[in-house]
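Kindly generate the complete structure, drawing on both the sequences and the hints.
These protein sequences, in sequence, are chains A and S. For reference, each letter of the first sequence is one residue, going 1 to 112 in the numbering used here. For reference, each letter of the second sequence is one residue, going 1 to 345 in the numbering used here.
Where hints are given, some of them may not hold.
As the list claims (entries may be wrong) - Derived SDA-like pairs (lysine to any residue); straight-line CA-CA distance at most 20 Å:
{"#": "1", "chain 1": "A", "residue 1": "Lys42", "chain 2": "S", "residue 2": "Ser33"}
{"#": "2", "chain 1": "A", "residue 1": "Lys78", "chain 2": "S", "residue 2": "Arg18"}
{"#": "3", "chain 1": "A", "residue 1": "Lys81", "chain 2": "S", "residue 2": "Arg18"}
{"#": "4", "chain 1": "S", "residue 1": "Lys45", "chain 2": "A", "residue 2": "Gln30"}
In short, the hints are calculated from the structure, not lab data. Remember, it's a predicted structure, so these values are computed and weren't measured experimentally.
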Amino acid sequence: MSQSNENHDVFENLRLELRRGCLSLAVLSQLRTERYGYTLRKALAEQGLEIDEGTLYPLLRRLESQGLLTSVWREEEKRNKRFYRLSPEGKLMLKQLSSEWQKINASLNGIL
Amino acid sequence: MELLDRYLHAIEFWLPKRQRQDIIAELSEDLRSQIDEKENELGRKLNDAEVEAILKRCGSPLAVAERYLPPGHLIGPLWFPLYRFVLKVMLFGYVVPWLLVWIGFLIFDPAYRAANPRFAQIHNLWTLWLTVLYFFFFTTAAFAFIERSADAQARLLEDWNPRKLPPVRDPNRIPRFNSLFEIAAITVFNVWFVSLFWPRPVIDLYRAQITLAPVWQVFFAGFLVLAAANTAIAAANLFRPYWTPLRASFRLLSDGLGGALFCWLLKAQVLTGISTPSLSASKAAELTNLINLWMAKTLPWAIVCVVGIICSNGYRIVRLWRAHQAGTPIAPAVNDLSNPMVNGN
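Written as structure tokens, this is what we have:
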């Protein structure tokens with residue numbers, strides 16, 4: 001494997017690690033209003049945060065199992081869709097995580 | 001939509017039973033939305049190639065299903081280093097010595113070869129394989145059990161004390177006590193060796209008279225020279241208690257020559273006669289043969305020991321050479337040698 005390929009792989013791994021932590025916060029923030037998976041993906045993509053279905057749906061399930069989201073199946077446009085929104089615990093968590101994010105962001109801005 | 005159905009069915013196979021329908025329904029809805037959107041954009045139905053492109057971007061069925069599965073491993077990252085260490089001990093403490101001894105017997109012991117024809121050798125290897133397999137199985141099972149034991153996890157993570165951790169040991173440092181002990185041991189051995197085995201036709205050993213083959217003179221001189229060389233190395237180590245590539249190479253040479261000489265001695269049938277007042281001539285001849293035979297029989301074991309010693313010496317040289325290549329200092333600054341923490345006193 002060439003050095004540039006190796007560097008690219010290292011960059012990809014680090015980039016994914018960096019993104020992974022942010023995705024939960026981004027998803028929680030977008031679910032202040034009720035959405036189903038596909039529209040949630042589109043909303044995130046429009047704001048520059050592309051997320052594939054293989055990452056989003058397992059994440060939504062995990063957040064729901066942690067009590068941060070609630071979901072309901074409902075028919076819309078003749079198709080059954082699962083709608084998610086923040087639970088009361090999720091709202092509190094989003095507040096805490098947002099504040100943590102601000103701190104990290106401020107520190108990193110200072111460091112970088 | 002046949003391709004989509006086949007894709008979803010393939011994912012469904014790997015999913016946990018209880019969540020299967022739910023996950024597939026949600027994923028199906030997402031993929032159908034993507035297809036609908038694309039069709040609206042193009043103003044026509046998608047062909048198979050276009051559907052295939054959407055599904056390929058989504059990922060292989062196994063990769064998609066894997067993300068929904070709970071993290072599954074027998075031994076997690078916490079216990080894995082210990083697990084690997086136990087397996088390494090098994091490999092280098094049992095399997096490798098076993099194979100070396102076995103190869104040693106095969107090469108150097110015709111009687112062993114005659115007593116164990118080809119089928120028996122295969123059986124011996126099969127026995128080794130089974131032992132390794134059982135060990136691997138039970139070790140893995142034990143670690144998998146520990147992995148799932150909350151008590152063991154807590155003990156490892158919480159019940160520890162920095163004072164109980166082993167002290168840092170510099171592998172290149174030679175404790176001065178070891179060098180002193182080595183010099184004393186070689187001196188005592190030399191006095192005993194010279195006083196008892198000085199080459200002469202018949203050697204008096206306690207109440208027995210031992211006749212050694214003329215080749216004994218070579219062994220005698222060889223062992224004395226090696227003892228002198230080892231004393232010199234130990235003396236140098238005493239004053240400069242850090243291995244250098246030169247001294248490590250001398251030690252490898254002297255240990256290698258000593259090992260070769262010892263192995264040769266075992267095969268050389270150096271004992272030609274024993275006589276004691278209480279032993280008849282025939283019994284003495286029988287005893288002489290028996291001692292020579294048993295010396296020869298220990299040869300494979302001796303070879304294993306010699307190979308082990310040579311490997312250890314070789315590894316020391318490689319380690320020193322690597323440190324040299326990396327520009328790491330082997331010994332601390334000369335002034336630091338007065339520090340008892342460094343000089344080993």
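Each hint, compared with the structure:
1. Straight-line distance between C-alpha atoms of Lys42(A) and Ser33(S) comes to about 11 Å, which keeps the hinted pair within the 20 Å bound.
2. The hinted pair formed by Lys78(A) and Arg18(S) fails the criterion: a straight-line CA distance of about 26 Å is larger than 20 Å.
3. Proximity of Lys81(A) to Arg18(S) is assessed by CA-CA distance (about 19 Å); at most 20 Å being required, the pair is judged to hold.
4. Among the hinted pairs, Lys45(S) with Gln30(A) is inconsistent with the structure: their alpha-carbon atoms are about 32 Å apart, more than 20 Å.
In summary, the structure is inconsistent with hints 2, 4 from the numbered list given earlier, while agreeing with the others.
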